[in-house]
Amino acid sequence: AQKITQTQPGMFVQEKEAVTLDCTYDTSDPSYGLFWYKQPSSGEMIFLIYQGSYDQQNATEGRYSLNFQKARKSANLVISASQLGDSAMYFCAMREGQAGNNRKLIWGLGTSLAVNP
Amino acid sequence: GAVVSQHPSWVICKSGTSVKIECRSLDFQATTMFWYRQFPKQSLMLMATSNEGSKATYEQGVEKDKFLINHASLTLSTLTVTSAHPEDSSFYICSASPGTSGGTDTQYFGPGTRLTVL
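Sequence order for the protein chains is E and B.
The first sequence begins at 174 in this note's numbering and counts up by one.
The second sequence begins at 227 in this note's numbering and counts up by one.
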């Protein structure tokens, strides 16, 4: 079974509107972390936002927020006021267990976001 | 902060030659670095976990003699693709974490290396 599922292969959004990218995860470990990364066409992976399993509040970073619903095992990324530069691939990833130097990330297949002018 | 560089950004080589890719953490020390491979329009595939001062841990199916990893210092890890063949052509990207301060171990990525083997 997929541990990280991103059900939207592609998404379109109008400039200045908000968009939600879906991510569901599967783990039996009570301690885990969830990450979102952006990969523009240049290829670099840009860290956007992090949510720990014990964090009480949803993470926010500027125009990015994470809608963390623990019972539903979902960690959707919300981008507000979309900009043309937001067009990219977006990956959701999970670290199982507590934070540590050797912890691998489990990756979703990604969602391609296109922002229309 | 948390900048990772990678060199070269692209390389074209002949079949049978070896190619070395460097990954450096510029403003932090990283006891662990990760090497990934990415095919077009696909997700990241972890190849190996590189540990400073010890042998790398390879993922299942990754040939350790083919992809040599050396983590020589707390700021440098290298991936050498030995006797490269066209099927090794891919996008290789490394990541490193500054540690677990603040309860997170966020991985920061280098810009990637696009390898083409003729």
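Don't take each hint at face value.
[What the hints assert, rightly or not] Now the in silico label distances, taken between C-beta atoms and shown as ranges:
| id | chain 1 | residue 1 | chain 2 | residue 2 | range |
| --- | --- | --- | --- | --- | --- |
| 1 | B | L300 | E | P213 | 36 to 44 angstroms |
| 2 | B | T308 | E | Q242 | 44 to 52 angstroms |
| 3 | B | D291 | E | Q230 | 26 to 34 angstroms |
| 4 | B | G242 | E | Q242 | 46 to 54 angstroms |
| 5 | B | G325 | E | E234 | 17 to 25 angstroms |
| 6 | E | N240 | B | P266 | 37 to 45 angstroms |
| 7 | B | G242 | E | P213 | 30 to 38 angstroms |
| 8 | E | Y237 | B | T342 | 29 to 37 angstroms |
Keep in mind the hints are simulated off the structure, nothing from the lab.
Backbone N, C-alpha and C fix where the C-beta goes; we use that ideal spot for every residue, glycine too.
Okay, T308 of chain B versus Q242 of chain E on CB: inside 44 to 52 angstroms?
The hinted range 44 to 52 angstroms holds for T308 of chain B and Q242 of chain E, with Cβ atoms some 46 angstroms apart.
How does the Cβ-Cβ distance of D291 of chain B and Q230 of chain E compare with 26 to 34 angstroms: does it lie in that range?
48 angstroms, violated
Verdict for L300 of chain B, P213 of chain E (Cβ pair) under range 36 to 44 angstroms
Distance hint for L300 of chain B, P213 of chain E is violated at roughly 29 angstroms.
Does the Cβ-Cβ separation between G242 of chain B and Q242 of chain E fall within 46 to 54 angstroms?
Holds, at about 52 angstroms.
Measuring from beta carbon to beta carbon, are N240 of chain E and P266 of chain B in 37 to 45 angstroms?
30 angstroms Cβ-Cβ, so the 37 to 45 angstroms window is violated.
Kindly confirm whether 30 to 38 angstroms is satisfied by the beta carbon distance between G242 of chain B and P213 of chain E.
Given range 30 to 38 angstroms: holds, Cβ gap about 34 angstroms.
Tell me if the beta carbons of G325 of chain B and E234 of chain E are separated by a distance inside 17 to 25 angstroms.
For E234 of chain E against G325 of chain B, whose Cβ atoms are near 19 angstroms apart, the range 17 to 25 angstroms holds.
Between Y237 of chain E and T342 of chain B, is the Cβ distance one that fits in 29 to 37 angstroms?
34 angstroms, holds
The structure fails to meet hints 1, 3 and 6 from the earlier list, while all remaining hints are met.
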